[in-house]
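Could you build all of it, start to finish, from the sequences and the hints given here?
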Amino acid sequence: MKYENYSEDINKFLLDSEDNIKLMTTVGSLLLGDIKEEEIPHIKEFKCIKEFLEQPLNSPEGVALKKVFAAAVVYANEKGLLPFRLPESAEEVANLVDDGLTRLKVAYQQNIGRIDIYEAADALVDRAEARAIACVEMAVEVGVPILAEKLETLCLSNPKTALLTPFVRPVLTYVAEPVKKCVCEGIRCVAEVAKSTIRETIDFVKEKSPVIVKKLASFFS
Amino acid sequence: MKTFNEILESLLGKLDNGNTAENIIKETQLSDENKKLLEKVNKLLDAFEEKAASLQAAKEDGDSNRKWMYKQLERITEGRSEEEKTILINAMSKVESDNLEKH
Chain A
1 MKYENYSEDI NKFLLDSEDN IKLMTTVGSL LLGDIKEEEI PHIKEFKCIK EFLEQPLNSP
61 EGVALKKVFA AAVVYANEKG LLPFRLPESA EEVANLVDDG LTRLKVAYQQ NIGRIDIYEA
121 ADALVDRAEA RAIACVEMAV EVGVPILAEK LETLCLSNPK TALLTPFVRP VLTYVAEPVK
181 KCVCEGIRCV AEVAKSTIRE TIDFVKEKSP VIVKKLASFF S
Chain B
1001 MKTFNEILES LLGKLDNGNT AENIIKETQL SDENKKLLEK VNKLLDAFEE KAASLQAAKE
1061 DGDSNRKWMY KQLERITEGR SEEEKTILIN AMSKVESDNL EKH
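Protein chains in written order, with this note's numbering: chain A, 1 to 221; chain B, 1001 to 1103.
Errors might be hidden in some of the hints.
[Unchecked claim] According to the in silico footprint, chain B covers these stretches of chain A (three or more CB under 8 Å from chain B):
| # | stretch |
| --- | --- |
| 1 | 3-15 |
| 2 | 64-70 |
| 3 | 107-115 |
| 4 | 137-149 |
| 5 | 156-163 |
| 6 | 184-194 |
| 7 | 198-212 |
Hints listed in this document are in silico derivations from the structure and should not be mistaken for laboratory results.
Owing to the predicted nature of the structure, the values given are computational and were not obtained by experimental measurement.
Every residue, glycine too, gets a C-beta built ideally from N, C-alpha and C.
Structure follows, in structure tokens:
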């Protein structure tokens, strides 16, 4: 086991976890930066999406849109109409919905100047940490022993970007063109910061995941 | 409805017309299995909001993210043995490492 004893190792775990979540969030931002607005058609506008993008970052009202999106993807998946793979577990689906929509809101608000780029990065990390704790809380049932085998399906905060990118595209199909442009520019801006963050911490990234370094090689060529 | 877009537009239209998410979901005819899946997804989405608000409040009180996470883990594992707590942080660490490898 990596950690031998909770009381002695909790600080190390928290440091490691913070680093891991920051890295995953940063990598997600970088890979999402490939979204090209010209490839996303505009079908029509829904005011609920625009309102969501405008709401304060932690506004609880945003959950309504997230729930409706989740219902749409689950229903479409059941009918065999979902154009991308949906994870099987509720935790992964919930993380996908929350991370995807949060990233769009953060990108939009950064681009319109409501938050700066550092606040944008912090907001994504904060949200990822909130999701991680929520997932852990749900996995640890009151009165039930914590057993390693029962935690094998534990899912934490960051969905794979391969799933995230096709998920956020439909959202952008239903906003006005200027809003879409704003969001995409914001995503690219956040991606540029992610690129420089990873570049500055490349030794750390290499140590954490040679796989990620290989995947990101094209961004640094 | 024949496409994902049609499904999405239908549900978003209802939200735009003032329906609540709960009513929209009730009207969506899902299999029992998917109803349970969606219930759990929505429970998690609510939990994400609650934790995000808790973190925000903690930061406004001067706590760091790390301190907040520590307090949350302490609360979640209250009354648990040292062994159980150790199992939990190792499970979390494994998931994080797996995510980094598979991303």
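Results of checking the hints against the structure:
1. Figure legend: the stretch 3-15 of chain A, annotated as covered by chain B; annotation consistent (10 residues with Cβ-Cβ distances under 8 Å, at least 3 required).
2. Counting residues of the stretch 64-70 of chain A whose CB lies closer than 8 Å to any CB of chain B gives 7, which reaches the minimum of 3, so the coverage claim holds.
3. Counting residues of the stretch 107-115 of chain A whose CB falls under 8 Å from any CB of chain B gives 0; the rule of at least 3 is not met.
4. With 7 residues having a beta carbon nearer than 8 Å to a beta carbon of chain B, the stretch 137-149 of chain A meets the requirement of three or more and the stated coverage holds.
5. For the stretch 156-163 of chain A, the stated coverage by chain B is satisfied: 4 residues place a CB nearer than 8 Å to a CB of that chain, which reaches the threshold of 3.
6. Check result for the stretch 184-194 of chain A against chain B: violated, 0 residues qualifying (beta carbon to beta carbon below 8 Å, three or more required).
7. Only residues whose C-beta sits within less than 8 Å of a C-beta in chain B count toward coverage, and the stretch 198-212 of chain A has 4 of them, enough to reach three; the restraint holds.
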